[in-house]
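Taken in order, these protein sequences are the chains called A and B.
In short: position in the first sequence from 1, add 5, done, that's our numbering.
In short: position in the second sequence from 1, add 276, done, that's our numbering.
In case anyone wonders, no lab produced these hints; they're calculated from the structure.
Since the structure is predicted, the reported quantities are computational estimates derived from the model, not experimental observations.
All C-beta atoms, glycine included, are put in the ideal place defined by N, C-alpha and C.
Watch out, some of these pointers could steer you wrong.
Said to hold, decoys possible - Which bits of chain B does chain A cover? Going by a derived footprint, with three or more residues having C-beta under 8 Å, they are:
no.	segment
1	327–337
2	343–350
3	380–391
Unchecked claim - Pulled a few chain B residues facing chain A out of the computed Cβ check, cut under 8 Å:
no.	residue
4	Pro291
5	Asn294
6	His452
7	Ala467
The lines below spell out each chain.
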Amino acid sequence: MRTVAVTAPSTLYHRLWAAHVVAETGAGEALLYIDRMLIHEVSSPQAFAGLRDRGLVPYRTAPHLAVADHAVPTHDRGAIADPQARQQIALLAANCAAAGIEYLPLDDARQGIVHVIGPEQGFTLPGTTIVCGDSHSATHGAFGALAFGIGTSAIECVLATQVLPQKKLKTMRVTIDGVLAPGVGAKDIILTLIGRIGAAGAVGHAIEYVGSTVAALSMEARMTLCNMTIEAGARVGLVAPDATTFAYLAGRPRAPKDAAWDRAVMAWQALRSDADAVFDRDIHLDAAAIAPQVSWGTSPDQVIGIDGAVPGDAGARPLEYMDLAADQGIAGLAIDHVFIGSCTNGRIEDLRAAAGIARGRHVAAGVRAMVVPGSGLVKRQAEAEGLDAIFRAAGFEWRDPGCSLCVAMNDDRLLPGQRCASTSNRNFEGRQGVGARTHLMSPMMAAAAAVTGRITDVRALLA
Amino acid sequence: MMPFDVLTSLAIPLPEDNIDTDIILPARFLLHTEKTGLGRFAFAERRARPGFVIDDPRHAGAAILVAGANFGCGSSREQAAWALLDLGIRCVIAPGFGEIFAGNAISNGLLPLALPVPAWRHVLAEADAGWPLTVSLVTQSVALVDGETIGFDFDAGAREMMINGWDDISMIRARHAEAIAAFERQQRQDAPWLWDRAMHHG
Chain A
6 MRTVAVTAPS TLYHRLWAAH VVAETGAGEA LLYIDRMLIH EVSSPQAFAG
56 LRDRGLVPYR TAPHLAVADH AVPTHDRGAI ADPQARQQIA LLAANCAAAG
106 IEYLPLDDAR QGIVHVIGPE QGFTLPGTTI VCGDSHSATH GAFGALAFGI
156 GTSAIECVLA TQVLPQKKLK TMRVTIDGVL APGVGAKDII LTLIGRIGAA
206 GAVGHAIEYV GSTVAALSME ARMTLCNMTI EAGARVGLVA PDATTFAYLA
256 GRPRAPKDAA WDRAVMAWQA LRSDADAVFD RDIHLDAAAI APQVSWGTSP
306 DQVIGIDGAV PGDAGARPLE YMDLAADQGI AGLAIDHVFI GSCTNGRIED
356 LRAAAGIARG RHVAAGVRAM VVPGSGLVKR QAEAEGLDAI FRAAGFEWRD
406 PGCSLCVAMN DDRLLPGQRC ASTSNRNFEG RQGVGARTHL MSPMMAAAAA
456 VTGRITDVRA LLA
Chain B
277 MMPFDVLTSL AIPLPEDNID TDIILPARFL LHTEKTGLGR FAFAERRARP
327 GFVIDDPRHA GAAILVAGAN FGCGSSREQA AWALLDLGIR CVIAPGFGEI
377 FAGNAISNGL LPLALPVPAW RHVLAEADAG WPLTVSLVTQ SVALVDGETI
427 GFDFDAGARE MMINGWDDIS MIRARHAEAI AAFERQQRQD APWLWDRAMH
477 HG
């Protein structure tokens with residue numbers, strides 16, 4: 006971090022911005038230095054091709070880490086059946102080999118979803134700028150990193166120059182205070198926020214999450230919170246780093262060590278908004294008032310508490326697509342499929358929470374349920390804790406890591422009309438397969454849906 | 277990139293809010309590793325039902341799409357912008373855009389034009405009526421057949437890039453190479469742990 010003389014009270018976002026300005030290019034516009042980029046198979050091929058067409062090689066190679074996640078099968082992956090997926094993954098490996106960029110292959114235990122492995126490896130560090138050709142890159146903001154999703158042209162720009170032209174965002178402070186009830190977690194907080202402000206509610210803003218609830222959240226829960234910031238329209242979601250952050254990172258493979266660690270922590274402790282910093286918008290949430298959330302429609306802001314009903318003024322199109330009626334209660338709705346995984350909820354704490362509900366119970370007749378760990382290391386840890394045995398005994402499928410049914414680019418796809426209780430982040434039309442119906446919820450709620458065959462208030466199963 | 281200065285065209289009305297990038301280009305088509313030829317997959321699910329507005333012969337050849345709020349929300353896939361361009365769309369007019377989509381569009385010479393809702397409604401009515409619009413990024417205005425001209429704001433930097441068809445990468449390399457190097461020298465001193473080779477290869 007460059008030392009920047011800041012006299013006026015500053016927000017964390019503005020500190021991160023100021024520390025990465027390479028050149029001011031206009032009013033509120035600058036070239037920002039990019040410290041880290043995560044690369045996956047879907048958004049990068051055209052960027053590598055573009056670089057080659059320019060006769061360029063990457064400006065730097067060390068700041069990048071590549072892994073395949075979107076198109077990878079989550080079973081039988083010795084031979085990838087889909088020739089397009091096989092070719093796309095092979096192309097990523099070849100592009101990285103040619104460019105000298107580190108690539109974690111499918112048979113490496115560290116392979117997994119970009120937003121799971123970055124933190125896991127200590128590649129994600131406070132105070133850095135991190136980009137990825139994936140909209141859920143705000144996940145890394147949980148560490149106090151300025152992280153945001155970019156398109157393929159921007160990937161090419163980072164490969165070629167290590168900077169990106171950016172416009173300074175407005176700031177939004179989301180203060181969450183109070184104690185969450187049993188059965189309620191970070192997924193319910195973020196769904197509540199999205200429902201409150203809308204899918205475009207934070208467009209143009211960088212969100213910082215603060216308050217006693219956030220301070221008490223684990224790093225994995227903070228990642229869930231920041232991950233879905235884009236579903237409220239904001240590319241950037243931040244939590245200031247604290248002792249929880251440092252404890253998570255200490256000893257991670259790519260985190261600094263020894264004297265460098267001490268020096269880094271000193272710098273990271275300054276990464277916070279001043280108490281008197283002014284934000285463009287302020288939102289407050291009362292954690293104690295949050296119930297388990299379930300989406301009913303085809304946009305993530307179409308979400309209600311488990312005790313709630315589809316709004317009376319719901320639009321015709323989402324109702325028709327979801328086969329629901331206005332004023333219909335959401336609890337008790339029969340489901341066909343359950344998906345537990347994704348960059349939102351594919352970490353070990355998510356699997357522990359779901360296994361806690363699955364333990365001693367069984368997936369309801371006629372329901373297909375799958376658990377897809379977020380990375381090979383999450384899978385290994387879950388197996389060491391016996392979570393896989395709990396899931397298997399309960400009738401869940403236990404898969405290999407990848408994005409899977411969150412984006413349905415591999416062979417994990419639902420059929421038209423199938424209804425899925427899903428821990429993923431988007432309930433868009435067709436997101437889990439053509440005509441498939443997605444209900445977003447927490448891992449505990451998804452597990453409760455699996456064992457009852459219906460959208461169920463998980464609090465009734467906690468005893 | 278393809279320059280964008282002035283465009284006169286019919287406009288396709290699609291006044292639905294939250295048209296996300298999964299609707300614009302469903303994820304299963306992201307297995308293609310090329311930028312070109314994606315138009316045939318655009319709006320695949322919507323076009324599977326007969327009568328989708330994009331295929332309405334009344335709008336044949338239209339290069340402007342008038343869409344609802346938060347157009348292009350969701351995924352960062354640049355394929356959404358490429359697919360629209362491949363359909364012949366050069367400008368989307370909406371009350372607001374998904375931010376990543378808007379950036380991707382600008383990078384490819386596809387103008388994401390945000391208008392306040394009253395002005396947007398006026399433009400939508402003209403599109404519905406089958407009248408052409410003239411969008412000028414040079415004068416930052418939309419001229420309607422009924423004689424009205426609607427001004428709009430656009431980021432100065434992005435406007436200059438689009439009008440001239442400039443390319444970010446060439447410009448950065450030409451103008452800012454020394455500033456980048458200077459930044460790096462400073463960061464090596466201030467945050468040396470970011471430059472430790474051992475950290476990169478865990």
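Evaluated hints:
Given a C-beta distance limit of less than 8 Å, the hint that chain A covers the segment 327–337 of chain B is violated, as 0 residues qualify and 3 are needed. Closer than 8 Å: that is the beta-carbon criterion, and the segment 343–350 of chain B has 4 residues meeting it against chain A, so the requirement of 3 holds. With 3 residues bearing a CB less than 8 Å from a CB of chain A, the segment 380–391 of chain B meets the requirement of three and the coverage assertion stands. Against a cut-off of 8 Å between C-beta atoms, the interface hint on B/Pro291 is violated, since the closest Cβ of chain A lies about 12 Å away.
With a cut of 8 Å, the hint placing B/Asn294 at the interface with chain A holds, because the nearest CB-to-CB distance is about 5 Å. Because the beta carbon of B/His452 sits about 5 Å from the nearest beta carbon in chain A, less than 8 Å, this interface hint is met. Below 8 Å, beta-carbon pairs count as interface contacts, and B/Ala467 has one with chain A at about 5 Å; its hint therefore holds.
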